[in-house]
Structures are given as C-alpha cells and as structure tokens.
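K.L.:
Full structure from sequences and hints, please.
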Amino acid sequence: MTTPVLLRVDDLSVGYRDADGAEVRLVDGVGFTVHEGRVLCLVGESGSGKSLTMAAVLGLLPEGLEVLSGTVRFRGQDLLTLPERELRALRGNELAMVFQDPMTALNPVKRVGAQIARAVRAHHPRTPRAQVLARVEELLTEVGVPDPAERARSYPHQWSGGMRQRAVIAMAMANRPALLIADEPTTALDVTIQAQIMDVLADARATSGAAMVLITHDLGLVAQVADEICIMYAGRIVERGTVWTVFDEARHPYTAGLLGSLLSAERAGSRAYAIPGSPPAPTRRPPGCAFATRCELPARSELCGTTRPELRPAADVTHESACHHADRTLEFARAVTA
Amino acid sequence: MSAVLEIDDLHVRFTSRRGLRGRSVVHAVDGVSLTLGRGETLGLVGESGCGKSTLVRTVFGLNTPASGSVSILGQRMQGLAPAARRKVLSSVQLVFQDPYSSLDPRMRVHDIVAEPLRIAGRYAPERVVELLAEVGLDADVQQRRPAQFSGGQRQRIGIARALALRPEILVLDEPVSALDVSVQAQVVNLLMDLQERLGLSYLFIAHDLAVVRHLSDRVAVMRQGRIVETGDRDQIFDAPRHPYTASLLASIPHPDPYLRPGAPPRP
Ligand SMILES: Nc1ncnc2c1ncn2[C@@H]1O[C@H](COP(=O)(O)OP(=O)(O)O)[C@@H](O)[C@H]1O
Ligand SMILES: Nc1ncnc2c1ncn2[C@@H]1O[C@H](COP(=O)(O)OP(=O)(O)O)[C@@H](O)[C@H]1O
Ligand code: SF4
Ligand SMILES: [Mg+2]
Ligand SMILES: [Mg+2]
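Those protein sequence lines, which keep their order, are chains X and V. Each residue of the first sequence is one higher than the one before, counting from 48 in my numbering. Each residue of the second sequence is one higher than the one before, counting from 30 in my numbering.
Among the clues, some could well be false.
What the hints assert, rightly or not - Derived DEER-like restraints, expressed as beta-carbon distance ranges:
{"id": "1", "chain 1": "V", "residue 1": "162", "chain 2": "X", "residue 2": "201", "range": "53 to 59 Å"}
{"id": "2", "chain 1": "X", "residue 1": "334", "chain 2": "V", "residue 2": "263", "range": "27 to 33 Å"}
{"id": "3", "chain 1": "V", "residue 1": "93", "chain 2": "X", "residue 2": "249", "range": "57 to 63 Å"}
{"id": "4", "chain 1": "V", "residue 1": "148", "chain 2": "X", "residue 2": "148", "range": "23 to 29 Å"}
{"id": "5", "chain 1": "V", "residue 1": "148", "chain 2": "X", "residue 2": "362", "range": "55 to 61 Å"}
{"id": "6", "chain 1": "V", "residue 1": "93", "chain 2": "X", "residue 2": "207", "range": "25 to 31 Å"}
{"id": "7", "chain 1": "V", "residue 1": "77", "chain 2": "X", "residue 2": "246", "range": "15 to 21 Å"}
{"id": "8", "chain 1": "X", "residue 1": "249", "chain 2": "V", "residue 2": "62", "range": "50 to 56 Å"}
{"id": "9", "chain 1": "V", "residue 1": "77", "chain 2": "X", "residue 2": "196", "range": "47 to 53 Å"}
{"id": "10", "chain 1": "V", "residue 1": "111", "chain 2": "X", "residue 2": "63", "range": "54 to 60 Å"}
{"id": "11", "chain 1": "X", "residue 1": "151", "chain 2": "V", "residue 2": "195", "range": "43 to 49 Å"}
{"id": "12", "chain 1": "X", "residue 1": "127", "chain 2": "V", "residue 2": "179", "range": "57 to 63 Å"}
Worth flagging that the hints you see were computed from the coordinates, not collected in a lab. Computed from a predicted structure; not experimentally measured. Yeah, the Cβ is synthetic: ideal placement off N, Cα and C, and Gly gets one too.
P.N.:
As structure tokens, then:
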C-alpha cells in the first residue's frame with residue numbers, strides 16, 4: 048500500500064553557535080519520509096523542535112538559526128541547496144503551508160479575495176481576470192465560506208478566526224499542492240471550529256490528493272488523521288511508526304507517558320499518570336538519554352545516563368524507538384494507560 | 030449538600046461603541062443561575078466569548094451585575110458593607126489560566142506566596158514553606174523569581190498563593206489550558222489531591238471537555254451568556270439533553286485511532 052516518497056528528510060539538525068563557537072542543536076538528527084497522499088504527524092510538546100524542523104524543510108528558518116547537518120529531498124530534489132528563487136517558486140505551488148495564526152499569511156489591509164487571487168496568479172500569471180475570480184469563488188466554496196463572492200470583497204478583520212483559517216487553507220490549496228504543511232492549524236480555535244477546520248483540511252486533501260505533515264501536540268487529532276507518527280522530544284525523534292502501532296504498542300517511555308497522561312472518559316475521577324518534571328532546555332540536555340531525568344521505566348539502567356540512544360527498529364523495521372530498553376516498554380505502557 | 034456559592038439569575042451587560050452602528054449592548058452574562066455544593070467540583074464549559082470569565086469576575090465583585098445576586102457561604106454579596114464583603118471574599122480564591130502573566134516577574138516566590146498573608150496581617154515565614162510543600166515545591170525555591178520556573182511550577186506557585194488564606198472555594202479559570210500535555214496531568218492530579226486533603230470546593234472553568242470530565246462532579250454548559258444545560262458529569266457526557274452540548278461532545282477528537290471510521294480491528 049505504499050505510495051512513492053514525496054519528501055525525505057535525513058539527519059536534519061538546526062541550531063546556532065554560541066559565544067564560544069559550540070553548536071547548540073535545537074533540532075538534532077531528525078529524519079522521516081512522507082509518501083504521496085499520506086499524513087505524517089509530528090507530535091511533541093512545545094519546544095521539542097517541531098516547527099523548526101519544518102521551517103528548515105521550507106527554507107524559512109528565523110534569523111540567527113542555520114541548518115547544521117542533513118538533507119531534505121522533495122521528489123528527489125535537494126531543497127537545502129536549491130537557489131532561493133526556485134525554492135520560493137516551489138512554496139505556494141507544490142508545497143503549501145498553513146500556520147496556527149492565520150494572520151501570518153493574511154495581509155490586514157488587503158481584501159481577502161484579492162489575496163487568494165494573488166496566490167492563484169502567482170504561478171499562473173496570465174490567467175484571465177474572470178477566470179481568477181471564478182477560481183477564488185470556487186476555492187472559498189470548497190473551504191465552506193458562505194456567500195463567497197460577497198465575502199471575498201471584505202477585509203480579514205471582518206472575518207472570525209475560524210473563517211480566516213479557511214481563507215488561508217483556500218490560499219494554500221490554490222495551486223493544488225502535492226504537500227501541505229500545517230503547523231498547529233487549529234490550536235487557537237474552539238473545539239467546534241477546530242473540528243470544522245479539520246474537516247475542511249480533509250476535504251481539501253481528498254480533492255487534491257495532497258500529502259500532509261501535521262504538526263500538533265494534540266494526540267486526539269493525531270489519532271483521527273495520522274498515517275504515520277513521529278514523536279519528538281528535546282529536538283529528536285524518539286519514536287516513529289504507524290498510528291496503529293504507536294498507539295497500540297508504545298515503544299518509548301515518553302510516548303507511553305503521554306498516552307497515560309491523557310484525561311479520558313474511562314479515567315474520569317481517578318488519577319491519570321503524570322510524567323514527572325519538565326523537558327530540559329536545549330542548552331541543558333543531559334549527556335545520555337534526554338528523557339532520563341523524567342523516565343520511570345522500571346528497566347532503565349546506567350546506560351541511560353551515559354549513552355545517547357539512537358532511533359532503531361523496535362518491533363519491526365516500521366516501528367522505531369530511541370530507547371535502550373525499547374523491548375521492555377510494553378508492560379510499562381499498559382500499566383500507565385490502565 | 031449545602032451550597033458554598035450560589036449565583037441567582039445573574040445579568041451582566043457591557044455597552045460598547047461599535048463602528049458606524051453606534052452603541053451596542055453585549056449581554057455577556059444573560060440570566061445565569063448556578064449552585065456549587067461543599068466539597069464538590071462544578072465544571073463550567075463553553076467556547077471562547079461565551080461569558081465564563083465575565084461570570085467569574087462578577088463573583089469577585091470586579092463587574093457590577095445589572096441584576097441578580099451572588100451569595101458566598103450563605104451571605105448575599107450585593108448590599109454587603111465593604112469590610113464584611115472583603116472578609117467573605119477571602120474564602121474564595123482565583124487561579125488564572127496563564128501562569129506567565131499572573132505572577133509578578135520582579136517578586137521572589139516567597140513574597141508572591143506571602144503577599145496575601147501580609148495584607149491580611151497573618152504573615153509567618155513557616156506558613157509560606159508549608160504552602161509551598163502543599164503544592165509539591167521545596168522550601169529552597171523561595172528566593173527565586175517566576176522566570177526561573179517552568180509553566181507547571183508557576184501554576185503550582187499560583188495555587189500556593191491562592192491557598193494562603195485557607196479559602197473554602199477555588200475558582201479555576203482555565204488553569205491547565207496554557208500547559209504542556211505532560212504537565213497538565215501533574216496539575217490536575219495536584220488539584221484532586223488538594224481537594225481531598227483540604228475539602229475545597231472548585232468552580233472549574235475550561236473549554237477542554239476532557240479535563241472537565243476528568244475533574245467534575247457536575248457540569249454546566251454555557252453558550253452566549255446562558256447556561257443551556259446542567260447535570261451530573263456522566264449524564265452530560267453520556268446522555269446530553271441539549272443539542273449544543275451534543276455538538277460540543279461530537280467535536281472532541283478521541284485519542285484512539287481504532288475509533289476512526291474505516292479503522293482496522295484492534296489487535
Ligand atoms: N529563533 C530562535 N532562536 C533561538 N532558539 C529558538 C528560536 N526559535 C526556536 N528556538 C528554540 O528551539 C526549540 C524548538 O523550537 P520549536 O521548533 O519552535 O518547537 P515546537 O514547534 O516543537 O514548539 C525551543 O527550545 C525554542 O525555544
Ligand atoms: N470589559 C468588557 N467590555 C466589553 N465587552 C466585554 C468586556 N469583557 C468581556 N466582554 C465581552 O463579553 C463576552 C464574554 O467574554 P468573556 O467573559 O471573556 O468570555 P470567555 O471567558 O467565555 O471567553 C464577549 O463578547 C466579550 O467580548
Ligand atoms: S533510554 Fe533509558 S532513560 Fe531513555 S527512555 Fe529509554 S529507559 Fe528511559
Ligand atoms: Mg511550534
Ligand atoms: Mg475566559
């Protein structure tokens with residue numbers, strides 16, 4: 048059932064050099080593949096490096112940060128060495144983005160319709176005006192904006208947060224992208240609006256066949272949409288596999304802890320598992336396993352404090368874990384999610 | 030069960046100037062009645078803008094209601110003399126959502142927790158240590174400032190401060206919404222422990238239904254300034270009576286992929 052590889056990221060590290068010239072790795076040796084039409088979720092709590100990973104993929108790293116190692120191939124083409132002009136042509140065409148705050152993509156002083164028209168024209172500059180307007184209306188209809196012709200003439204501040212996010216998705220889908228990168232697209236929205244936006248994204252993907260990288264900390268969303276999952280902790284991927292196997296048989300104590308700390312119906316009124324402590328700052332990661340200070344796996348050992356575990360097959364080649372004791376996690380996972 | 034907090038047919042309105050149409054009146058709280066029993070947790074859920082924080086502010090006397098009443102420990106707040114009112118209000122404490130902005134960044138932890146004690150003339154350094162221990166913090170954090178703590182620890186400091194005057198009621202306005210998933214569970218467990226140890230009553234406000242379900246004995250669902258449904262936790266979640274409650278519940282993504290349409294059988 049596998050489709051061709053669309054995006055392949057290998058050994059990607061992002062960071063900066065401190066005053067003494069030492070590297071600080073905010074993202075450290077991350078790798079994953081996205082297949083055509085599939086959904087990969089990057090999951091982890093804030094500060095784990097999810098946004099920087101995808102910013103590096105898109106060539107949109109903030110000032111002061113650089114790629115320290117790795118390769119990023121989109122349809123076999125190396126994005127990290129691609130000239131800025133070609134990369135820009137790819138973004139908004141084959142590669143599209145949706146961020147948490149729709150206003151990062153919208154210009155407050157321009158009419159919404161004009162902004163979507165611009166996205167349509169960006170890669171097809173000679174499209175006749177009437178055809179562009181028709182396409183704008185069509186896109187707004189597809190994302191469920193009522194009265195699209197009239198709404199297109201208004202300004203972003205006249206739109207609600209959920210409606211703005213729909214407009215941004217319309218813009219992202221304007222050129223039928225092959226890959227949509229969505230960074231916490233619903234985090235700022237109420238639950239009912241969040242569900243609507245996830246439906247809009249699913250519909251847009253169904254029409255276009257686009258693959259998606261969804262960045263989120265919400266395991267509920269992940270369970271609903273992911274094909275594959277990468278769990279990130281302290282700048283690294285600590286577990287990687289299909290949504291089925293990761294939820295069913297967590298092979299990393301951090302993943303098990305996250306699943307255990309979910310406040311679910313079954314656990315109502317009783318204590319959920321709580322991972323002790325909090326994640327280490329990028330400049331204060333311990334030498335061995337970055338999770339060692341919080342890990343409660345009974346089988347953890349001295350090795351954890353001295354040697355950094357690499358990501359390697361745990362159950363089979365499609366399910367990997369960066370834990371020295373990945374073969375001992377199932378019982379723990381069962382205990383904390385009970 | 031005796032009521033520690035009673036809100037009766039409360040109305041709060043704001044008048045604002047709105048563009049070309051001139052004045053407009055927002056009925057932020059539009060006839061709300063709620064009862065919080067002793068030792069109980071009442072969850073209040075609703076989407077942003079529905080009036081949850083306005084309701085809370087009114088309980089604390091920070092908004093003046095257009096009509097209706099708030100009674101705390103059997104005392105009606107409207108018409109109470111300021112001194113008597115302050116005394117009653119000291120038994121209700123507020124814990125905010127944002128542990129980043131609700132603590133004064135220039136103050137040391139010791140002084141943050143000690144402040145309400147000093148104002149009440151009941152300051153004792155041992156009491157500060159005791160309060161910190163109550164929320165799982167060591168005495169050696171006292172000389173540090175909020176910036177040196179993680180979000181979860183800051184929320185603990187906020188809770189320690191709220192407990193200083195031995196309140197009977199905590200009003201928790203989205204206390205875990207700004208926290209990371211792994212830390213949410215720590216704070217939720219702490220709140221459950223404190224309730225058990227100290228017999229506190231909680232008015233717990235959130236838009237996250239999973240957290241509300243986890244903590245609440247009863248749940249009130251608020252929409253556009255009104256309570257559309259109140260009931261026992263299990264009734265609200267298993268058999269909602271109001272269509273709005275049902276639509277809220279239907280929007281929660283279940284953290285279980287095997288519940289997805291077309292999912293393979295669970296191994
Ligand atoms: N411009 C920057 N300069 C220095 N550190 C940064 C910068 N942007 C992000 N970071 C740090 O990098 C880490 C990863 O950030 P990010 O990728 O935004 O995390 P996530 O998206 O998982 O929340 C965090 O510790 C963050 O503080
Ligand atoms: N001080 C105020 N002046 C005018 N309108 C207000 C004020 N405070 C709140 N509102 C309005 O009252 C309604 C309820 O707001 P709020 O109580 O903050 O909702 P919630 O806490 O449920 O998100 C909103 O429409 C909000 O814009
Ligand atoms: S390597 Fe050791 S410390 Fe790290 S997650 Fe595995 S058992 Fe825990
Ligand atoms: Mg991010
Ligand atoms: Mg509020």
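K.L.:
Of the hints given before, which are not true for this structure?
P.N.:
2, 3, 4, 8, 9 and 12
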